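Residue numbers (UniProt numbering), protein chains in the order written: chain A, 1 to 423; chain B, 1 to 423.
No wet-lab data here; the hints were simulated from the structure.
Being a predicted model, the structure only gives us computed values, none of them experimental.
Errors might be hidden in some of the hints.
Copies of the same chain are indistinguishable here, so a pair counts whether it falls within one copy or spans any two.
[Claimed, not checked] List time: in silico DMTMM-like cross-link candidates among lysine to aspartate or glutamate, alpha-carbon distance up to 25 angstroms:
id: 1; residue 1: Lys230; residue 2: Asp275
id: 2; residue 1: Lys144; residue 2: Asp374
id: 3; residue 1: Lys297; residue 2: Asp186
id: 4; residue 1: Lys154; residue 2: Glu340
id: 5; residue 1: Lys297; residue 2: Glu130
id: 6; residue 1: Lys300; residue 2: Glu130
id: 7; residue 1: Lys297; residue 2: Asp157
id: 8; residue 1: Lys187; residue 2: Glu278
id: 9; residue 1: Lys297; residue 2: Glu137
id: 10; residue 1: Lys144; residue 2: Glu259
id: 11; residue 1: Lys297; residue 2: Glu102
id: 12; residue 1: Lys300; residue 2: Asp136
id: 13; residue 1: Lys230; residue 2: Glu246
id: 14; residue 1: Lys230; residue 2: Asp136
id: 15; residue 1: Lys300; residue 2: Glu58
id: 16; residue 1: Lys154; residue 2: Asp207
id: 17; residue 1: Lys300; residue 2: Glu52
id: 18; residue 1: Lys154; residue 2: Glu246
id: 19; residue 1: Lys144; residue 2: Glu406
id: 20; residue 1: Lys187; residue 2: Glu246
id: 21; residue 1: Lys300; residue 2: Glu282
Number of protein chains: 2
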Amino acid sequence: MDSANQSRDMLGRRGLTRVAEARTILLDRLDNLQHPTERISLGDALDRVTAEPIVAAEDLPPAPRSTMDGFAVIAADTFGATQSLPAYLQITGEVLMGTPPEGCLERGSCYRIPTGGLLPDNADSVVMLEHTVPVDETMVEVVKGIGSGTNVIKTGDDIRAGVQALSAGHRLRPSDLGLLAGLGIDKVVVYRRPRIGIIATGDEIIDHRQPSAAGKIRNINSVTLAALAKRCGATVTDYGIVSDREEIFFATVARAVEETDLVFFSGGSSVGVRDLGERTIERLGSPGILVHGVTLKPGKPIIIGLCNQTPVFGLPGHPVSAMVCFDFFVRPAVRALSGERAGDCHPVPSISARLMRSINSAAGRLDVIRVRLDRDQGQWRCHPILGRSGAISTMSRADGYFLINEDSQGLAEGEQVEVYIYQ
Amino acid sequence: MDSANQSRDMLGRRGLTRVAEARTILLDRLDNLQHPTERISLGDALDRVTAEPIVAAEDLPPAPRSTMDGFAVIAADTFGATQSLPAYLQITGEVLMGTPPEGCLERGSCYRIPTGGLLPDNADSVVMLEHTVPVDETMVEVVKGIGSGTNVIKTGDDIRAGVQALSAGHRLRPSDLGLLAGLGIDKVVVYRRPRIGIIATGDEIIDHRQPSAAGKIRNINSVTLAALAKRCGATVTDYGIVSDREEIFFATVARAVEETDLVFFSGGSSVGVRDLGERTIERLGSPGILVHGVTLKPGKPIIIGLCNQTPVFGLPGHPVSAMVCFDFFVRPAVRALSGERAGDCHPVPSISARLMRSINSAAGRLDVIRVRLDRDQGQWRCHPILGRSGAISTMSRADGYFLINEDSQGLAEGEQVEVYIYQ
Chain A
1 MDSANQSRDM LGRRGLTRVA EARTILLDRL DNLQHPTERI SLGDALDRVT
51 AEPIVAAEDL PPAPRSTMDG FAVIAADTFG ATQSLPAYLQ ITGEVLMGTP
101 PEGCLERGSC YRIPTGGLLP DNADSVVMLE HTVPVDETMV EVVKGIGSGT
151 NVIKTGDDIR AGVQALSAGH RLRPSDLGLL AGLGIDKVVV YRRPRIGIIA
201 TGDEIIDHRQ PSAAGKIRNI NSVTLAALAK RCGATVTDYG IVSDREEIFF
251 ATVARAVEET DLVFFSGGSS VGVRDLGERT IERLGSPGIL VHGVTLKPGK
301 PIIIGLCNQT PVFGLPGHPV SAMVCFDFFV RPAVRALSGE RAGDCHPVPS
351 ISARLMRSIN SAAGRLDVIR VRLDRDQGQW RCHPILGRSG AISTMSRADG
401 YFLINEDSQG LAEGEQVEVY IYQ
Chain B
1 MDSANQSRDM LGRRGLTRVA EARTILLDRL DNLQHPTERI SLGDALDRVT
51 AEPIVAAEDL PPAPRSTMDG FAVIAADTFG ATQSLPAYLQ ITGEVLMGTP
101 PEGCLERGSC YRIPTGGLLP DNADSVVMLE HTVPVDETMV EVVKGIGSGT
151 NVIKTGDDIR AGVQALSAGH RLRPSDLGLL AGLGIDKVVV YRRPRIGIIA
201 TGDEIIDHRQ PSAAGKIRNI NSVTLAALAK RCGATVTDYG IVSDREEIFF
251 ATVARAVEET DLVFFSGGSS VGVRDLGERT IERLGSPGIL VHGVTLKPGK
301 PIIIGLCNQT PVFGLPGHPV SAMVCFDFFV RPAVRALSGE RAGDCHPVPS
351 ISARLMRSIN SAAGRLDVIR VRLDRDQGQW RCHPILGRSG AISTMSRADG
401 YFLINEDSQG LAEGEQVEVY IYQ
């Protein structure tokens, strides 16, 4: 066990691992896992991750096209043309959309051409309609000289045959699907979606569809965490609410580890259930527990384990803590399991907002401060939402959050903070 | 027709409408549309929009619970307790998870309680385990005095019965689903997903699954725009590639307007097809064309219409232009049709990056500059991607974009810009 040498305090708790370090410990283990692949159609490929590089098999566009309505010309015929000294060109043809132009352009002549039209042979540029004056049906004045290639998209200007269109490990966005469509590629090999197993535990937990009962509390975490998992592109198997009796609990987690790619359970914030989670992860396989407890608030009591290549998370029972742990640890793990390349560019956008009240923070922990946003004179303002990590309504009221770093003891009213939006 | 009094230039083109004004003209028309509703389960409700306010029918939590492992006490029994002068309390019971505590607490006594345990009658607070010292099985020393309510989440602390949990017109995020689960609400009334009809036109356009042919170009726009529409939570009907012969085209757009909530066609950038699009929208119903041409680059030739309550967009044929028009006009319209309240908080997060080369811009137009991002010494840098709006590869290579406003003539290398990320 990686953290075996961590010291324990008088209650048997280990020292806390810093958030960034905990994430590195986890993600380093997931780096070289093999991911199964499948071959799917473009219509199903949005947000899936490419499993191999995709190379253009043909030039795009396959032939030179006009980018303007006007006249296809030989640029040299327009050199020096001005309003007062126009060039006169014979109109010897017309390009129709969708059919190759007939004949070829002679010196001193031009073809009418619409935007998107294929250039006739010999033409090297297009004079915009706006830079011409009609003389009659067969002749036009060009009032501006243009260079070769003007208003033309050339063969392969978009992408050339043989060039890599997309790398492996790339999440397919709408524009990427468009590029593949342009290249005539309809089938792509992608990684299978990560499968996530969700388990709720605790004898006090009942399904949210059940009537309330004394001493019972409804299962919030399976609902919020399943929604977060779907957002990551995972498929979710809900193993329901499981007794915290050791053998029943162990058997369910073991089955989930067998059947899915990433498992988390939540519900036990009491010491007893935390210990059960810890023992379960240790029994399930090597290397077992990687991290137990992080410098994160809310979210401190998370357990992060790896059991024979399957990440297993023991998430805090408090709904807000569990969601914060998902953001900081589960989502990056799901992204790693989805095959998306860490090397890819993953900026996390934020908005800058003025903090509307001072917030204290204990040094040595990363604080996640939920906020409500509003606008004042065109500037964003953020109002911290105070409330316990057990209160899901505080999360529902939040527009986003900002962070107070481990080395800070708080932020003062009026400071600008970077707010990450809860989508 | 709203823009009938716009002047036309010598080519019969109207003046351009500013982007913000065009958006207002469109969205004002969509403000008071009626949206059909449906009743669905929580498991299907992620990202759907509530059609009515949702009020808590019960308190959450329904009874006071401990937020710590420790001892449930009457706070007054601990007043003044310190390490050197502890309070001694009799342990007269134990709270078990999931069952109501038996008996009630007498002065001078306490119950063992786990995190999440229900408070016994008379108890008003919980002493953390860390602030106690065991004496024997029946007695504990409390070494810190606490106030009433300490380490307790009280009845209704999360949300009270009768309080509005969510407003109407609210898009349901994971945390909102959690709040509803906590309240025992499984069925929600939401607006139906907007239905979007997509039409490609142009005799040169072929389906992306067809082999390349001289003069033909593959349909990129229906693929990219369908993916963008799905991202907005819409359902998409693809009406395929339609001839630009007037009656065939008109019949297809008319059918799409009949069958869906928002229609767009794309493919015609030539004057002829633009005129066809304009005539079609005018024929389809009142008020017809709202905007024709905007101060946006790329995206200038967009036509925005409204035909008997159905927004109809003529999008530019160039793939990048069409996507930009989607971002600026179609997406806000889809959001309006989804029933999401404009009053809701919709910050658009961005990242701040250093511009790596100077960019000129014509005054009077809003420039959308696509960029590639990278990092240098912890700072984001953005590299403008130069390339035509017909080149889909430029969009696929882009990580995001920044804007150069209508009143600016460009930005200099080294300036900080706000980059919006293409997800």
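Now the hints, each set against the structure:
Proximity of Lys230 and Asp275 under a CA criterion of 25 angstroms is satisfied in neither setting, with 29 angstroms inside one chain copy and 44 angstroms between copies. When the C-alpha separation of Lys144 and Asp374 is checked against a cutoff of 25 angstroms, the pair qualifies neither within a copy, at 53 angstroms, nor between copies, at 41 angstroms. For the homomeric pair Lys297 and Asp186, neither the shortest alpha-carbon distance inside one copy (46 angstroms) nor that between copies (30 angstroms) is at most 25 angstroms. In this homomeric assembly, Lys154 and Glu340 never come within 25 angstroms of each other (Cα to Cα): the closest approach is 33 angstroms inside a single copy and 44 angstroms across copies.
In this homomeric assembly, Lys297 and Glu130 come within 25 angstroms of each other (Cα to Cα) only across copies, at 19 angstroms, whereas the closest approach inside a single copy is 64 angstroms. Only between protomers do Lys300 and Glu130 lie at most 25 angstroms apart by alpha-carbon distance; the minimum there is 16 angstroms, versus 67 angstroms within a single protomer. Taking identical chains as interchangeable, the C-alpha atoms of Lys297 and Asp157 lie at most 25 angstroms apart only when they sit on different chains, with a minimum of 20 angstroms there against 52 angstroms within one chain. In this assembly of identical chains, Lys187 and Glu278 lie within 25 angstroms of each other by CA distance neither inside one copy nor across copies; the values are 44 angstroms within and 36 angstroms between.
Taking the shortest alpha-carbon separations for Lys297 and Glu137, neither the intra-copy value of 78 angstroms nor the inter-copy value of 33 angstroms comes in at or below 25 angstroms. Taking identical chains as interchangeable, the C-alpha atoms of Lys144 and Glu259 are never at most 25 angstroms apart, the minima being 70 angstroms within one chain and 48 angstroms between chains. Taking the shortest alpha-carbon separations for Lys297 and Glu102, neither the intra-copy value of 72 angstroms nor the inter-copy value of 34 angstroms comes in at or below 25 angstroms. When the C-alpha separation of Lys300 and Asp136 is checked against a cutoff of 25 angstroms, the pair qualifies neither within a copy, at 81 angstroms, nor between copies, at 30 angstroms.
Taking the shortest alpha-carbon separations for Lys230 and Glu246, neither the intra-copy value of 29 angstroms nor the inter-copy value of 44 angstroms comes in at or below 25 angstroms. In this assembly of identical chains, the alpha carbons of Lys230 and Asp136 never lie at most 25 angstroms apart, being 64 angstroms within a copy and 50 angstroms across copies at closest. Neither within a single protomer nor between protomers do Lys300 and Glu58 lie at most 25 angstroms apart by alpha-carbon distance, with minima of 54 angstroms and 30 angstroms respectively. In this assembly of identical chains, the alpha carbons of Lys154 and Asp207 lie at most 25 angstroms apart only when taken from different copies (22 angstroms versus 62 angstroms within one copy).
When the C-alpha separation of Lys300 and Glu52 is checked against a cutoff of 25 angstroms, the pair qualifies neither within a copy, at 38 angstroms, nor between copies, at 37 angstroms. Taking the shortest alpha-carbon separations for Lys154 and Glu246, neither the intra-copy value of 69 angstroms nor the inter-copy value of 30 angstroms comes in at or below 25 angstroms. Proximity of Lys144 and Glu406 under a CA criterion of 25 angstroms is satisfied in neither setting, with 64 angstroms inside one chain copy and 27 angstroms between copies. When the C-alpha separation of Lys187 and Glu246 is checked against a cutoff of 25 angstroms, the pair qualifies neither within a copy, at 47 angstroms, nor between copies, at 34 angstroms.
For a Cα distance limit of 25 angstroms, the shortest separation of Lys300 from Glu282 inside one copy, 20 angstroms, qualifies, whereas the shortest one across copies, 61 angstroms, does not.
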